[in-house]
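What the sequence shown shows, in the working numbering, is residues 25 to 399, in sequence order.
One or more hints might be untrue.
Below, simulated DSSO-like cross-link-like pairs (lysine-lysine); rule was C-alpha separation at most 30 angstroms, straight line [as the list claims (entries may be wrong)]:
1. Lys296 / Lys259
2. Lys259 / Lys177
3. Lys296 / Lys317
4. Lys235 / Lys94
5. Lys235 / Lys317
Across the chosen pairs, the derived CB separations fall in these ranges [to be verified]:
6. Glu59 / Ala272: 21 to 29 angstroms
7. Ser126 / Ser355: 50 to 58 angstroms
8. Tyr159 / Leu93: 30 to 38 angstroms
It should be emphasised that the hints constitute simulated quantities derived from the structure, not laboratory data.
Using N, Cα and C, we set each Cβ at its ideal position, and we do this for glycine too.
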Amino acid sequence: MAFVADAFESVVDAVVDVVETVVDSVTYLVTGNYEGDNGDNTFTAVGLGLWGGGVNVYGGNDTVYAASLKLDVYDTWGNLSVHGAAGFMNINKSAWGNMTVSGLAGATNLQHTGRTGNIDFTGVAASNYLYRQGYSGNISFTGAGISNRVISKVRYGNISFTGAGASNVVERIGGDQGDIHFTGIGAYNKVTNSASRGSIYFTGGIGAYNKVERRGYSGNISFTGAGISNRVISKVRYGNISFTGAGASNVVERIGGDQGDIHFTGIGAYNKVTNSASRGSIYFTGGIGAYNKVERRGYSGNISFTGAGISNRVISKVRYGNISFTGAGASNVVERIGGDQGDIHFTGLERITRLPTVQVEAVFISRVALGRITK
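Build out the structure end to end from the sequences listed, making use of the hints.
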């Protein structure tokens with residue numbers, strides 16, 4: 025008899041849950057409002073959602089299923105999951121816990137300002153905006169939209185972006201540590217990281233303009249992509265740049281800092297590679313196009329150039345450093361300017377006369393205290 029009583033009680037509880045769910049859904053349909061509690065709530069939001077206070081699920085581990093023209097969800101602590109479709113989806117989480125969102129929307133606005141917790145988004149919308157601020161937490165974005173923008177301002181946290189859009193903007197702002205892993209396609213792609221420590225790993229970017237910038241104390245940039253214009257900038261104290269790509273214009277800059285190398289393998293009509301870190305070298309391969317300029321400034325470091333272009337110019341202004349040039353061009357200019365020690369090793373094609381007393385395979389100028397030229 026006890027077994028029968030327990031079974032009957034379970035059936036009654038299930039019926040009550042169903043009735044409560046139906047009542048809550050009807051209430052939301054009519055009023056545009058749902059009030060949860062600090063327990064684990066599961067709610068289905070079906071309606072217009074153009075009025076009322078939205079879905080307030082408060083604490084606990086909550087799940088919301090949606091089919092609403094406009095969906096507003098407000099959550100505090102605990103894990104939050106939202107699945108479904110909406111014309112406009114606005115989700116705000118203000119305390120610790122993870123946020124997981126999947127679905128379709130005309131526009132998506134996800135904001136997590138709790139101390140800890142991740143944002144995990146999978147979906148498609150015309151406009152996607154993800155914002156994370158707090159102490160720690162990662163952002164994972166897998167989706168597509170005309171405009172995608174992902175921002176993280178936590179102290180510790182990474183961003184993983186896999187997506188497509190006309191415009192993709194990914195920003196890791198401040199904090200102590202954070203990497204960005206970007207795999208995407210877009211006409212305009214901008215990826216920046218200013219965490220104290222952290223790297224950028226960029227793959228794809230097939231479109232008109234790609235800009236990747238790293239600022240902070242230490243971290244590397246790894247760029248593999250293609251675009252009409254590619255610009256990669258590093259301003260960290262310690263960090264390298266690895267560039268493999270193609271574009272009408274490729275500009276790679278390592279600006280200031282104590283140590284950093286540039287490894288450039290690319291094809292472009294215009295290629296400019298500069299390194300002004302105190303210590304570090306440039307390794308340039310490719311550059312098949314109209315104009316290649318490679319310049320090294322700082323305390324010490326070498327330049328290794330292997331490439332071809334209508335015009336090639338290689339300049340070194342370090343205190344200690346050599347130049348190795350193997351290339352072909354209508355004009356090849358190799359300059360070792362100033363400093364204490366530096367050699368030039370030149371292997372090139374095409375003849376050009378630029379100095380009245382010199383007629384060689386190219387023009388090369390050495391103005392160092394100690395050094396030699398071999399050709």
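Restraint status (C-alpha distance of Lys235 to Lys94 at most 30 angstroms):
Cα-Cα ~34 angstroms, so violated.
Satisfaction of hint between Lys259 and Lys296, Cα-Cα up to 30 angstroms:
holds (17 angstroms)
Does 30 to 38 angstroms hold as the CB distance between Tyr159 and Leu93, or does it fail?
holds (35 angstroms)
If I claimed the Cβ atoms of Ser126 and Ser355 lie 50 to 58 angstroms apart, would that claim hold in this structure?
With Cβ atoms ~56 angstroms apart, the hint holds.
Taking 30 angstroms as the top limit, are the C-alpha atoms of Lys259 and Lys177 close enough?
holds (19 angstroms)
Hinted pair Lys235 and Lys317, Cα distance within 30 angstroms
holds (19 angstroms)
Are Lys296 and Lys317 close enough, with their CA atoms no more than 30 angstroms apart?
Holds: Lys296 and Lys317 sit about 5 angstroms apart, inside 30 angstroms.
Do the beta carbons of Glu59 and Ala272 sit within 21 to 29 angstroms of each other?
Violated - the Cβ-Cβ distance for Glu59 and Ala272, about 57 angstroms, lies outside 21 to 29 angstroms.
When each numbered hint is compared with the structure, violations occur for hints 4, 6.
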